[in-house]
Amino acid sequence: MKHNAVALNMKLGLCLLLALSPMGVLADEAGLADLLGRIRQSGFAEFRYEETRKLELASSPWQAQGYMLSGADGSLVKLQLQPQRIIMAIARGRMYYWDPGQKQRHAAPLGQAGQAAGQITVFRSILQGHAEELQPTYDFAPEKHGKRWALRVTPKPGQSDEDAPSIEISGDEDGRKRQVLIRQPDGESTEYRLIKTSEGPELEYSIQRLLLEATGD
Amino acid sequence: MSFIWRKRWFLLLFPLLLAATTWQIRVETDLNAFFTATDNEDSKLLSGLLQSGELSRRYLLVVEKNNEDGLRVNSTTSPPIPPQSTISIDEFSAKLVLQLAKLSGVERVWPANEPPREWIEAIRSYAPYHARLFSLNPQQDGLRLFDPAGLDSRADSLKQAMLSPQGGFVKAIAKQDPLLLSLNGFKDLQGQFERQAKLNVGGGALILQSRPAALDSDAHSRLQAAIRENFDTLNRDARGAFRLSMAGVPVFSVAAHGEIGRDVTLVSVVSSVAVALVFLLLFHSFSALHWVMMVQAASFVVGTLATALAFGHVHSLTLALGASLIGICTDYPIHVMVHCAKHRHSPLDAARLLWPSLAMGGLTTVIGYAALGMTGFPGFEQIAVFALASIAASLGLTRWVLPALLVHSSLHTAHLPGIAAWVDFCGCHRKGLLVLFAVSVGLAGLSLPQLRWMDDMQKLAVDMDLLKRQDEAVRAHFSSIEPGRFVLVQAADLQTALRRSEAAERRLKSLQQAGVLSEYHGLFPWLASQDLQAENARVYSQATTPQFQTAWRLALTKAGLSVDKLGHLPSPAAESLDPKAVLATPVLQILSGQVINDQNGVALSLWLGEHNPDKLIEGLAGLEGTRYFSQKDQLDRLAGQYRDRSLVMLAIGIAVMGLFIWLQQRDIRKVLLTLLPSVASVLFIFATWALMGEEVSFLHVIGLLLSVSLCVDYGIFFMDNRGQDCDITYHAIAASTLTTLASFGALGLGKTPTLPILAVSVSLGVTLGFLLCPLLIQSGRNKGTNG
Chain A
2 MKHNAVALNM KLGLCLLLAL SPMGVLADEA GLADLLGRIR QSGFAEFRYE
52 ETRKLELASS PWQAQGYMLS GADGSLVKLQ LQPQRIIMAI ARGRMYYWDP
102 GQKQRHAAPL GQAGQAAGQI TVFRSILQGH AEELQPTYDF APEKHGKRWA
152 LRVTPKPGQS DEDAPSIEIS GDEDGRKRQV LIRQPDGEST EYRLIKTSEG
202 PELEYSIQRL LLEATGD
Chain B
-1 MSFIWRKRWF LLLFPLLLAA TTWQIRVETD LNAFFTATDN EDSKLLSGLL
49 QSGELSRRYL LVVEKNNEDG LRVNSTTSPP IPPQSTISID EFSAKLVLQL
99 AKLSGVERVW PANEPPREWI EAIRSYAPYH ARLFSLNPQQ DGLRLFDPAG
149 LDSRADSLKQ AMLSPQGGFV KAIAKQDPLL LSLNGFKDLQ GQFERQAKLN
199 VGGGALILQS RPAALDSDAH SRLQAAIREN FDTLNRDARG AFRLSMAGVP
249 VFSVAAHGEI GRDVTLVSVV SSVAVALVFL LLFHSFSALH WVMMVQAASF
299 VVGTLATALA FGHVHSLTLA LGASLIGICT DYPIHVMVHC AKHRHSPLDA
349 ARLLWPSLAM GGLTTVIGYA ALGMTGFPGF EQIAVFALAS IAASLGLTRW
399 VLPALLVHSS LHTAHLPGIA AWVDFCGCHR KGLLVLFAVS VGLAGLSLPQ
449 LRWMDDMQKL AVDMDLLKRQ DEAVRAHFSS IEPGRFVLVQ AADLQTALRR
499 SEAAERRLKS LQQAGVLSEY HGLFPWLASQ DLQAENARVY SQATTPQFQT
549 AWRLALTKAG LSVDKLGHLP SPAAESLDPK AVLATPVLQI LSGQVINDQN
599 GVALSLWLGE HNPDKLIEGL AGLEGTRYFS QKDQLDRLAG QYRDRSLVML
649 AIGIAVMGLF IWLQQRDIRK VLLTLLPSVA SVLFIFATWA LMGEEVSFLH
699 VIGLLLSVSL CVDYGIFFMD NRGQDCDITY HAIAASTLTT LASFGALGLG
749 KTPTLPILAV SVSLGVTLGF LLCPLLIQSG RNKGTNG
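Chains A and B supply the protein sequences, listed in that same order.
Residues in the first sequence are numbered from 2 upward in steps of one, following the working numbering.
Residues in the second sequence are numbered from -1 upward in steps of one, following the working numbering.
Treat the hints as calculated values from the structure; they're not laboratory data.
Here the structure is a predicted model, which is why all the values come from computation and not from measurement.
Hints may contain errors.
Stated by the list, open to error - Using 20 Å as the maximum straight-line C-alpha spacing, the simulated EDC-like pairs for lysine to aspartate or glutamate come out as follows:
1. K173(B) <-> D187(A)
2. K563(B) <-> D187(A)
3. K169(B) <-> D164(A)
4. K169(B) <-> E57(A)
5. K93(B) <-> E134(A)
6. K173(B) <-> D74(A)
7. K104(A) <-> D150(B)
8. K185(B) <-> D100(A)
9. K169(B) <-> D100(A)
10. K563(B) <-> E57(A)
11. K169(B) <-> D187(A)
12. K104(A) <-> D186(B)
13. K169(B) <-> E163(A)
14. K173(B) <-> D164(A)
15. K93(B) <-> D74(A)
Claimed, not checked - Residues on chain A that point at chain B, a partial pick, calculated with CB under 10 Å:
16. M89
17. R93
18. G102
19. A108
20. L111
21. F141
22. D187
Said to hold, decoys possible - What follows is a list of derived Cβ distance ranges for each label pair:
23. P137(A) <-> Q22(B): 56 to 66 Å
24. K157(A) <-> R24(B): 51 to 61 Å
25. D529(B) <-> K157(A): 13 to 23 Å
26. P137(A) <-> R115(B): 19 to 29 Å
27. R237(B) <-> H131(A): 17 to 27 Å
28. K578(B) <-> E163(A): 27 to 37 Å
Glycine included, C-beta positions come from ideal geometry on N, C-alpha and C.
Chain B with its partners taken away, still in its complex shape (with noise of 0.2 Å):
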């Protein structure tokens, strides 16, 4: 095809090409979705937890007085206005309660201190099961329950439950449930209220369940915006004399989508921006820096399809390691524009001579893509199928259509300063240099054995002190249940689950009486097994003897209460109240999360307090099925994984670069001296490490295998040495690594941990590869054109 035809083929089919993109593309912002990987069950549990657990989708409010110091510093512009509100923090949070409830977004909405009123309801709904549910330890508490001698007093209270407050509520329980055993069971939870209570004498805590899942950024900034909006209306009213606190894993989602977005567009900025200028510094001419910016895109277009295509979306993350990629697909033009301009070849000669070259080098760029897709990260899975994409895209674009596009643009390369220099400087004391590198071989791998991995992964998490510390105020507010600890329980079926979660909350309960654990949040008597049901009912029916029928009756009349309505102590309801038709109900809203139906069966967490996880884990052991789940150190655990993984990838990823330049060299020697520059440099970074005490994760070790699979192709292309010329070249390895420093420098200016880690990584290995070239691999070819 003639050059006019493949110069009006690319123009017409790029626009087409974007536009089928932009059409096809869903960005993912979720941070969880990139890094979590799903391959066993625990990281699936753990994935769940994060995106939709009910805690997760959980914000805490705390709404308080305005100090007045407050208030005149925030005047400057205005006179300042003393709260004069009467509005009590009381009444304004039930201002707010109403307010709030009526979003979209939330789920419901309530004062921490008090039971949101479906769950009133919904105990109301237990009393005809009583016999079946008064205790988890019936033939224990029913000695104290059906005691005689307390029933007098059990009248008594009675009575003055019914002329308390809550009479209505206790009325309704009391005709069918004269004892009020099903209360009995709910003790619990009143004492999480009442706890609460003293932590919110203020009573400006509240809680919101929110009804998005808590890494769905884009909705969860829309109600915060809503939240705050609500509080700002009703707080002008009361002469804002109130100022509002949010927390939870929402508040953190949103404030890291903002940071991750802010660094994706700076990042592909600067990486764009830096590579251009890197290029007209190089080449002087807007011409081919259009026309190669061009090519790029039309890459960086490919790759964003490719991904699109193959997983239904793309991650922002994708994209913004993906903008870096444009840095390293340069490479292949600059090659071809570097000899085209210093051997006076027409671009097409150039294309064709170096063709070999950037092939073997661009596969050898893929392995090392390719193998991080395989550490087991889905993020990287994409940003393996986009390289792969990216790359082959540039390599095509460059052999066949860059020709056609730079056929009438004049190219003249600068002389770098120095890099003559340093090839004559390598030939001149080669001898030296190589002991002196053989020496630092040895020193490096001496200090190997002081490398400290990092395998706390909230370490890569985006810094959000501020926010962490108003988190740590907003938290005071409330009871202390934690989000990512509590007590796995897992069973083929729901009866077998609620079993075993009945024997794990004894457990509990002997251990929070030991002090282990300040609280939990369990399943009974919301949900409880036929098995310990029939057991309540056996216990039930054996106390009730007509003599203890007869002193109730004889409390009753002394209390001044009923006979005829509260005399008689039903016999246990016949049929026992089965948990999957109580799930059917409200009570389904209140153990959402609690209760996670998987393939496998049924696994039920119990939420826990403040606790020492180590006497928790000894307390609980012995029991089947059951065990304590950390989200940290579940995601720990996975660190760890994904830095073995790393490992033996970067080992893998060189041995098949050294398999396929085998393949192509056919010389063991050549291949080894195309990959000792790589390799050398990733020993030497791994050793200024390990001396400086940098703690070494995953990411590193990715950002290395990055920059091996880089470094080979200047070992390629030094080896190859197509051009005759070493110093032509060098010139042009010098030129692609500046452009690689460019785009991957850009990286250093996130703030989401992973880039700079990245950027560090890479721009170390490539910049040392780069040095170490001319001095391991003597090129016996040179021509001494100087261009």
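The following block holds chain A by itself, in its conformation from the complex (with noise of 0.2 Å):
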């Protein structure tokens, strides 16, 4: 399913977010395991993604496409094509940012990339089913309504990054979209919505020569 960019702030999103609370919660575990287990994404996928980002110091919403490859060994690349080409990937414990138009290179170990690495680290950890790995430090809450589903990862008060970020992940009866909203802590926000659009180990050139890129090797 394809979304228009819709500009909530974070007090918007809050509401919604408890609107929406009373239509039906599931909260046993079985319907979380049920559920990770249909966002998990074992072995190599692309999707295609349009991404939606609101800054604090940005006038409008800032829009962005692209393809979001992820690896069999937990790798994930994120190649924007749109507005300009930048590659974008964590892997092998590292995080590598290539920006071709202005030259700027960076890699960074996932511990010490900052807020745009937490925010990665978690959102990888969902898409390929290590959500166990958050599990001590986030509030899982599953969601289902009809045909709609929903996952709610929040940080425990008190027990993570205070820059860790909130992230909701959505979608419906077609396992191959996704809408993911990741929320930062001082109000800034970014919305995918992916589409898979291919699977299979034929992936793996494609995610090596683009970490190649992304790595300046």
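Now that you have both chains on their own, put them together as the hints suggest.
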């Protein structure tokens, strides 16, 4: 399912969540396991994505689109094609960033790469089905309402990094489509609309090639 | 006092003295403290940098993948385990960083291609002062930074930066500094890490800043063991997939410490055993050996205690060289015992008979050591005090206690073959031999101009080729800031020093562009003078006109950025950033080692990468209070100074010895004859080195100074000939020479170059001096007694 960018500030988002809360909450572990199983992406997969970011210092939401590639070894590559080509990846415990237009390249261990790395690490854990990594510091709230499902992952008060994001991942019966909303504590948010376009080991070559480009090797 | 009470007092006091010494002694192993004089500002600076300089406390660590061949070779006892770890070097290094950061001896540790997190935090704190710190050349850079035509691109870049992984960092700065001017000053810092990133593609290069001073070998030994233990633990989990290499000044200091420790033990043991064996060979008496060794041990303990009381600590090299003193101090009992055995005198009578010669011999030896202490070596000052106390104790004990100890010992002295024959030969062929001697002196004098002086102090360091190769291999993974060469800026106060440092940085930037210098680590913008901050603020205020601000807001709009939040360009901060206040923050750690406060003001150091020293010095010419400083050059200069002082002290030592002999003998001919064997041996040894092409250092000269102080004793004994028998006197001298050779020869086993140099110099000197005595000194008194 494709969604248009919806300009929601954090307060609105929270109001909406509160309004939707009575809509059948799956609080039991079986429901959570079922939902995590549905979300989990094991093996190689490629998603087309559309991204909408709301930045505190931007006058309007910023839009981008491209492909996200998930590897069997836990690597994740985000290839942004519009408005300009940028590669962001996490692999082998590090985050890589390569902006060929600005000739900007960054690399840092995930633990030291700041807010952006924290965001993408949590995102990867959910996407690749390693939710248990987050359970010590995050609360999971699965929901199901008719054909629609959602999983809200929020930092446990006092146990998470103060910059830790909240994430909401949702979808419907169509297993290929997902919507991910990441909210930062400072009010900034990023929304991804993903659709799986391909899967299989042949994607490994693309992932490796993009990783090489991102690392500058 | 009766003999029995002398013996009882000695046996009672010796253990007490030993206990007092053990309680008082603190052994120092810092080679720098031993060799580096601190009598001028540069020497003090050098000494401080070697001991606690930032770069001297830094370890360079490299984690690399083990190759499978290596694993197979290492796996001799168990089946080979191929590296099956899926963990990357990056991940492994990140884990290692976390582990090492917990060690108590670690100040901080970080991957070489990324700034430590606290640096990033520190940079953020400069944002409010952006208008005062944006450039080292504000007038020139202002044209580019405040060009209205570039504002669209600046706004786009700002947006991209906020969308990048550094978005959080950039946002915090942009709120106070929308043009990101404060980051402009830190561009060079970014460049350094980018260059490092290219070298460290594998990701395994780490920098570890330790807490202990570089030459605190014990602390570094523990730290290195802890580093390896942490690495091994992680590597076991990774199935041995990685290997670790370490480099840095502390790695060398620990290795040198180990070598010196082994040398001290080896020299002490071999020297003591050799002297004991020579003694047994000469006197065939375990009882006498036992008492003489106790006397020598007591002398050694007195020397150690006196040094500890005078200096607060005793250097391990003092103990090593002090151990060789045992061989010298044994001379006094040996003379007494030889005369005792050959003449059938009682030990007391022999001691009384020989006392004037022994006292004069001891005095000249002390003069030699005192001259040694004045060569400028802090360590040799210790040795001079040690020698003074030991020799005084040995003489006193020989005169007043030894006769009481030897009262029941039966002494038989061995007849040394060839001794009498050499004395007779010299007597029979004196004229011919003297002509030969005169010709040799002439030839030796002619060869002296060929003498080569060693001015490279590095050649005196412990040889650690393997470690040097490892160091080079590790350093290949890092950008090349050199720990020993930098630009030194000095001034009476911090503001003046900063102004001078900024002028120097401008020159260095030009030199970098000209290819003279690969990179440098300066102080701007971490620290900036008030003048430069005012100049930046002036250029900023002039440039940020209402028109410029309007253009900026337009650019923000075009880029889709918030004009409300980024459109106002604030006025410069009312107060400039106070460098002293900055140094009270974590920035001090970042700059530690680059800001040095001393009694005469402030010294700032600008670290250099690979460079051409001559062109760099030329490029810095004319800058007040600024100069190029090279630790190696400084050490080499010190080596030259030491050599000159050693030569002066050699001459002064010989002159003072001559004066004291004259005071006793009142005969200038006798004085000259007494000194002649030792002076001639020095001349011949210098000539031999000149002909062999040996590079002669101050240590060679110091060795000769020691040999002169010993050989003069032989001259005194031979000239005095108090037993009225040349043969017996020469036997006693031969016995002394043998013990001296045994003890100083043991120094030759040491790996620290200092020790073999002293061994060769002293051994050659005393051997030649001994052989020349019967030739040059004609003693008329000979009873012909052969004992």
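>> Please list, smallest to largest, the hint numbers that this structure does not respect.
In response: The structure conflicts with hints 6, 21, 25, although it agrees with all the remaining ones.
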